[in-house]
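Protein sequences appear in the order of chains A and B.
Using our numbering, the letters of the first sequence correspond one by one to residues 1 to 114.
Using our numbering, the letters of the second sequence correspond one by one to residues 1001 to 1114.
Since the hints were derived computationally from the structure, they do not count as laboratory data.
There may be inaccurate statements among the hints.
To be verified - Estimated spans, in silico, between C-beta atoms of each pair:
#1 B/Asp1069 - A/Gln110: 38 to 46 Å
#2 A/Thr20 - B/Arg1095: 32 to 40 Å
#3 A/Thr15 - B/Gly1016: 19 to 27 Å
#4 B/Gln1081 - A/Gln97: 25 to 33 Å
#5 A/Leu114 - B/Thr1040: 17 to 25 Å
#6 A/Lys102 - B/Trp1113: 30 to 38 Å
#7 A/Glu22 - B/Thr1040: 16 to 24 Å
#8 A/Tyr5 - B/Thr1026: 34 to 42 Å
#9 A/Gln97 - B/Gly1060: 16 to 24 Å
#10 A/Ile13 - B/Ser1053: 23 to 31 Å
#11 A/Gln110 - B/Ser1058: 30 to 38 Å
#12 A/Thr86 - B/Glu1015: 30 to 38 Å
#13 A/Lys102 - B/Arg1061: 16 to 24 Å
Said to hold, decoys possible - Computed footprint of chain A on chain B; a stretch qualifies when at least three of its residues, placed anywhere within it, have a C-beta under 8 Å from a C-beta of chain A:
#14 1042-1055
#15 1104-1113
Said to hold, decoys possible - Some chain B residues flagged as far from chain A (calculated, every beta-carbon gap over 12 Å):
#16 Gln1009
#17 Ile1012
#18 Ile1013
#19 Gly1016
#20 Asn1018
#21 Thr1026
#22 Ala1068
#23 Lys1071
#24 Gln1072
#25 Ile1089
#26 Ser1093
Positions of the beta carbon are idealized from the N, C-alpha and C atoms, including for glycine.
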Amino acid sequence: EADIYQTPRYLVIGTGKKITLECSQTMGHDKMYWYQQDPGMELHLIHYSYGVNSTEKGDLSSESTVSRIRTEHFPLTLESARPSHTSQYLCASSVRQNGNEKLFFGSGTQLSVL
Amino acid sequence: KNQVEQSPQSLIILEGKNCTLQCNYTVSPFSNLRWYKQDTGRGPVSLTIMTFSENTKSNGRYTATLDADTKQSSLHITASQLSDSASYICVVSDRGSTLGRLYFGRGTQLTVWP
């Protein structure tokens, strides 16, 4: 069972609002990730981090930003939410096991922007 | 273009029956192939990870096979249960870096009926 937590699970907000999606893990993993997933579609990497004070943009262009001040915490922020940001956001962390990076996912935040 | 294609898109089977899900990929170079189970509204959970040298791996009633020559993988589920209803996602990693680039399929939505 993965010890990685996302809050809130569901969020409905109006256009233009600033929001922060929280992600915390208690496994001490250095690498963390944010993915975006629409229904029936593949996951797309939007941000990742190798460790404290490290943040990188992923494959999918995103208007969100992330920070990594503590190992266990990797929040994602949208300064001004728009309806196009409506999606499921999945946080993950990983650790090297048997030569492969094993990913552990949180339960996700379903964001709806009206 | 690196891609991961899964079939069928959706599948309905009766409880107790077996089924096989397919994954074809064009990712090169190849590092490993993973199968994940994603329950509705939850994050993906790892079922198996196979490297180039492995051609089969089991996890309980789940058995994954890999043919690296034809770039095909399958996930066989034996004696299905209602709790197997979920999306099954095939993910392929390249050898681009120590982190690796992950290519996600869109998943096969499996429904098990009583």
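Going down the list of hints, with the structure as the test:
no., hint, result
1, B/Asp1069 - A/Gln110: 38 to 46 Å, "holds, 40 Å"
2, A/Thr20 - B/Arg1095: 32 to 40 Å, "holds, 35 Å"
3, A/Thr15 - B/Gly1016: 19 to 27 Å, "violated, 49 Å"
4, B/Gln1081 - A/Gln97: 25 to 33 Å, "holds, 27 Å"
5, A/Leu114 - B/Thr1040: 17 to 25 Å, "holds, 23 Å"
6, A/Lys102 - B/Trp1113: 30 to 38 Å, "holds, 32 Å"
7, A/Glu22 - B/Thr1040: 16 to 24 Å, "holds, 22 Å"
8, A/Tyr5 - B/Thr1026: 34 to 42 Å, "holds, 36 Å"
9, A/Gln97 - B/Gly1060: 16 to 24 Å, "holds, 19 Å"
10, A/Ile13 - B/Ser1053: 23 to 31 Å, "violated, 48 Å"
11, A/Gln110 - B/Ser1058: 30 to 38 Å, "holds, 33 Å"
12, A/Thr86 - B/Glu1015: 30 to 38 Å, "holds, 35 Å"
13, A/Lys102 - B/Arg1061: 16 to 24 Å, "holds, 21 Å"
14, 1042-1055, "holds (count 7)"
15, 1104-1113, "holds (count 5)"
16, Gln1009, "violated, 8 Å"
17, Ile1012, "holds, 16 Å"
18, Ile1013, "holds, 19 Å"
19, Gly1016, "holds, 27 Å"
20, Asn1018, "holds, 25 Å"
21, Thr1026, "holds, 14 Å"
22, Ala1068, "holds, 15 Å"
23, Lys1071, "holds, 17 Å"
24, Gln1072, "holds, 18 Å"
25, Ile1089, "violated, 8 Å"
26, Ser1093, "violated, 8 Å"
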